Amino acid sequence: MTSHLGTRPTNRPVAITGASSALSRAIAMRLAKRGHALALTARDPAELEATATDIAVRTGVNVAAVPADLADEAAADTLFARLDEASHRELGAGITGLVIAHSGTPDQEHDIADPASARRVYEHTLVTPALLLNAATLHFERVGEARDRPFIVVIGSVAGDRGRPANSVYGSAKAGLAALTQGARDRLGPQGVSVVLVKPGWIDTRSTFAIDKGRALIASPDTVARDIAKAIDRRSPVVYTPWFWRWILALVRIVPAKSVRRDLAESDSTSEADRQAARASLLAEVRGHACNTIERNP
Amino acid sequence: MATGLKSTPTQTLPPSRSATLSGGTNTPAHTCRLYRPERQAEAKSIAASPDHSVVARGIGSAYGDCALNRDGAVLDTTRLSRILSFNEDTGVLHAEAGLTSIDLIDLLLPRGWFLPVTPGTRRVTLGGMIANNVHGKNHHRDGSIANFIDDITLLIAADPDQPELVTCSRDNDAELFWATLGGLGLTGIIVSATIRLKPAPSAWCKVHRERAHNLEDALDRFDAGDDQHPYSVAWIDCLARGDRMGRAVLMRGDHAQPDDIQGPGKSRYVTPKRAQRVVPINAPGFALNPVTVGLFNKAYYSSAKDGISIEPYADFFYPLDCITHWSKLYGKRGFHQFQVAFPTATARQGLHETLNRITTSRQASFLAVLKRFGPADPSPLGFPIEGATLALDLPNLGAKTEALYADLNAITLEHDGRVYLGKDSLLDADTARKMYPRIDEFLRTKARVDPTNRFDSSLARRLDLRVRTNGADA
Chain A
1 MTSHLGTRPT NRPVAITGAS SALSRAIAMR LAKRGHALAL TARDPAELEA
51 TATDIAVRTG VNVAAVPADL ADEAAADTLF ARLDEASHRE LGAGITGLVI
101 AHSGTPDQEH DIADPASARR VYEHTLVTPA LLLNAATLHF ERVGEARDRP
151 FIVVIGSVAG DRGRPANSVY GSAKAGLAAL TQGARDRLGP QGVSVVLVKP
201 GWIDTRSTFA IDKGRALIAS PDTVARDIAK AIDRRSPVVY TPWFWRWILA
251 LVRIVPAKSV RRDLAESDST SEADRQAARA SLLAEVRGHA CNTIERNP
Chain B
299 MATGLKSTPT QTLPPSRSAT LSGGTNTPAH TCRLYRPERQ AEAKSIAASP
349 DHSVVARGIG SAYGDCALNR DGAVLDTTRL SRILSFNEDT GVLHAEAGLT
399 SIDLIDLLLP RGWFLPVTPG TRRVTLGGMI ANNVHGKNHH RDGSIANFID
449 DITLLIAADP DQPELVTCSR DNDAELFWAT LGGLGLTGII VSATIRLKPA
499 PSAWCKVHRE RAHNLEDALD RFDAGDDQHP YSVAWIDCLA RGDRMGRAVL
549 MRGDHAQPDD IQGPGKSRYV TPKRAQRVVP INAPGFALNP VTVGLFNKAY
599 YSSAKDGISI EPYADFFYPL DCITHWSKLY GKRGFHQFQV AFPTATARQG
649 LHETLNRITT SRQASFLAVL KRFGPADPSP LGFPIEGATL ALDLPNLGAK
699 TEALYADLNA ITLEHDGRVY LGKDSLLDAD TARKMYPRID EFLRTKARVD
749 PTNRFDSSLA RRLDLRVRTN GADA
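Just so you know, the sequences run in chain order A and B.
For the record, in the first sequence the residue sitting at position 44 is 44 according to the numbering used here, with numbers rising by one throughout.
One rule links them: number in the numbering used here = place in the second sequence (from 1) + 298.
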C-alpha cells in the first residue's frame with residue numbers, strides 16, 4: 001500500500017474498485033477534480049500505481065493504492081475493511097463514498113459450457129461486489145454521518161434489465177446485484193446515505209472496442225463518469241447512462257415476447273389478422289434492434 | 299474477439315477491429331487491424347502475435363502513412379496516457395506515450411511548465427513527438443525534441459515470441475535511443491518516456507512581426523535577427539511571383555514575462571478561451587483555388603502589422619488548432635504536405651527554385667512556413683539539418699500533384715536537401731536513400747531489436763525501411 005501525496009487539501013475519501021479500467025479511471029478523475037481523496041483498488045499493483053500517480057499529479061488530491069486480487073477469498077472478504085483502514089491511515093479520514101465498478105469478463109457461450117468460467121464471471125460480477133456492498137451497508141449504517149453526504153455507487157448494466165440468450169450469465173449477475181442494491185438503498189435511506197445504481201449502455205472501453213458498426217451509440221467513459229457524478233449530487237436511485245438507454249430498455253421490457261413470435265407475423269387470412277401481423281412484425285423489428293443493441297453490450 | 303487468427307495460448311490478444319485509417323491530410327487511407335490496449339501488458343501481447351506486424355499510432359495527426367499499416371496491426375496508444383511521475387521543482391516528467399500535448403499543456407502550463415519543443419499543433423502525443431523527432435519554432439536555438447528526452451521505454455522484439463520492455467538513453471544503448479528518435483515507430487512500441495519541460499514565465503507570448511518583401515529579404519532578416527528570438531518562423535505567400543516571390547511575414551518572439559502582461563482581465567497563466575470553429579464537412583474541390591487562396595494571402599500579407607504584440611500562447615504556437623478538421627477545407631481528396639530542408643550552403647538556391655516551381659504550378663497552397671534550422675542531432679533518420687526548411691500543402695489533384703512533387707524532389711536532391719518522412723506519403727525508396735544516407739545504419743539497429751520486422755508500417759514498406767530476412771521475409 002502506498003500513498004501519493006497531492007498538493008491540495010482534500011476531504012471525504014472515496015474508494016473505487018476496478019481502478020485499472022477505463023471507466024473507473026474516468027470516475028476517479030471526476031471525483032478527484034471535486035476534491036475527494038481516493039482509495040483505489042485493482043488487481044495488478046504496477047497498473048494501480050501508475051493510475052494512482054496519474055490522478056494525484058493531474059488533480060493534486062491524495063490517492064491511496066490498495067492492490068487486491070479478489071480471486072483470493074480472504075482478500076475479497078476483507079476488502080472494505082482494508083480500504084477503510086488505508087483511508088484512515090493515508091487519507092486522514094474514513095471512507096465516505098464507495099464506487100463498486102469491477103466486474104467479470106463474460107463470454108456467454110464459453111461460460112454456459114464451462115462451469116469454472118461461469119463461476120469466475122459470477123464471482124467478479126456478483127459475489128465480490130455483493131460482499132463489498134454488504135460490508136459497506138453495515139459500515140455506513142453504523143458510522144454514516146449525514147453531514148458527510150455519504151454515497152455508494154454500484155455499476156450495474158442494462159444487461160441486468162432483461163435476460164438475453166446472448167449474455168444472460170452476465171445479465172443475471174447484474175440483475176442480482178441490482179436487487180441487493182435496492183435493499184441497501186432502502187436500508188440506508190434513513191441514515192442519509194444515497195445508494196445509486198448505474199446502468200450504462202455501451203461504453204467506449206475494452207469490451208466494446210471490437211464493435212465496428214454503430215459506434216455512434218458508444219459513450220465515452222468520461223460522459224458516463226459525468227452522469228454518475230450528477231447522479232451522486234441528485235441522489236438518484238437509478239441512472240441510465242447515456243440517458244437514451246432508459247427508453248430503449250423501457251421498450252424492450254414492455255414488448256411481450258409472445259406478440260413478436262415470428263409464426264404470428266406469418267399467419268395469413270383476415271384483414272384484421274393482417275393488421276395484427278403487420279403490427280407484430282413492426283414491433284418485432286423494433287425489439288430486434290433494441291435487443292441486438294443490448295446483446296452486444298456485455 | 300474479432301480476430302479469428304491463432305494466437306499463443308498464454309497470451310490472449312485484446313479486442314480489435316478492422317478500421318480504415320488515414321493521417322491528418324485525409325490521404326492516403328489504409329485498412330488496418332486496430333487495437334487500443336488499456337494496460338501495458340496488453341501492448342506486449344499484441345507485439346507478440348505472429349499473425350501481424352504492428353505500428354503504434356497516437357491521435358493520428360501525422361501527415362502521410364507513418365502511422366498506418368495496411369493489412370497489419372495498428373496500436374492506438376491513447377489509453378496508455380498516464381503520467382508516471384512529475385517533479386514540480388525540476389519539470390522532469392515521465393509519462394506514457396499516449397499523453398497528448400493538449401492534456402500536458404492544460405495541466406502543466408498553469409503550474410509554470412511548457413513543452414521545450416512543440417510542433418505547430420497540440421494534437422500530438424508524446425510517443426508521436428519522439429517517433430518523428432519533432433522540431434518547433436525554436437529549432438535554430440534548441441534543436442529537436444530529442445534534446446529534451448532523457449530516456450525512452452520501448453517494447454522491442456529482439457525475440458519476436460517474447461517482446462520485452464527496455465529503457466534506452468544517451469548512456470544506456472545510445473544507438474537504440476537515437477534510432478528511436480525519428481525512427482517512425484520502427485524500432486518498437488514506445489511505451490513511456492522522460493521529458494524535461496521548460497519553465498514558462500506565462501501563458502502569453504511576446505511576438506515581433508515584420509514583413510519581408512521577398513524570399514531574399516526574409517532570409518536576410520532571419521540571418522540578422524534570429525539570435526535574439528528563441529522562436530522564429532515566417533508565413534510565406536506561395537502565389538506571389540516575380541520579385542515579390544516568397545514575400546513573407548516573420549513572426550518571432552518569446553514567452554512573455556509577467557511584466558509584459560498588462561491590461562484588464564489579463565492574468566499570467568490564463569488566456570481567453572478561443573472560439574473553436576469546426577469545418578463540418580469536406581469542402582467542394584474548387585473551394586481552394588489560386589483565386590481564393592491568392593485573395594486570402596494578399597489580405598493576410600497586407601493586414602499584418604509590423605511591430606510587437608502580446609498574444610495568448612495558442613495564437614502564436616497553434617494558430618490552426620482553433621479550427622477543428624481544418625484539413626477538410628481541402629475536400630475529400632485531401633492534400634499532401636511537402637516539407638523540405640536544405641543545408642545552409644545551398645538553402646537560398648534550393649528554396650528559390652522550389653518556390654519558383656510552386657508559384658508557376660499555380661497549385662494553391664495557403665499554408666507555407668519557412669524557418670531556419672540549427673545543427674542536426676545524431677538521430678540517423680532525423681529530418682533537421684542546419685540550414686532552412688520550407689513546409690507547404692499541396693491539394694491532392696492526382697497526377698498533376700505527383701508530377702509537381704517529382705519536380706520538387708529533383709530540386710531537393712540537386713541541392714542536397716531532404717523531405718520530412720513523418721509528413722510524406724509519396725517518396726520512393728531510392729530517393730529516400732539518397733536523402734537519408736544513414737538508412738543502413740538505422741537498419742542495423744533495427745535488425746538488433748526487431749530482426750523479423752514485427753514493427754512495420756505502410757511507410758516502412760514504401761521506403762523499404764525493413765530488415766532483410768533470409769528468404770523468409772514476412
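Don't take every hint at face value.
To be verified - Reference excerpt, derived from the structure (chain B facing chain A, CB under 7 Å, subset only):
#, residue
1, R337
2, I381
3, L382
4, R409
5, I606
Claimed, not checked - Negatives, chain B to chain A, calculated, CB over 10 Å:
#, residue
6, S314
7, A317
8, T388
9, L405
I should point out that these hints are in silico values taken from the structure, not numbers from a laboratory.
None of these values were measured; they are calculated from a predicted model.
Cβ coordinates follow ideal geometry from the N, Cα and C atoms, glycine included.
Ascending list of hint numbers which this structure does not respect: 4, 5, 6, 7 and 9
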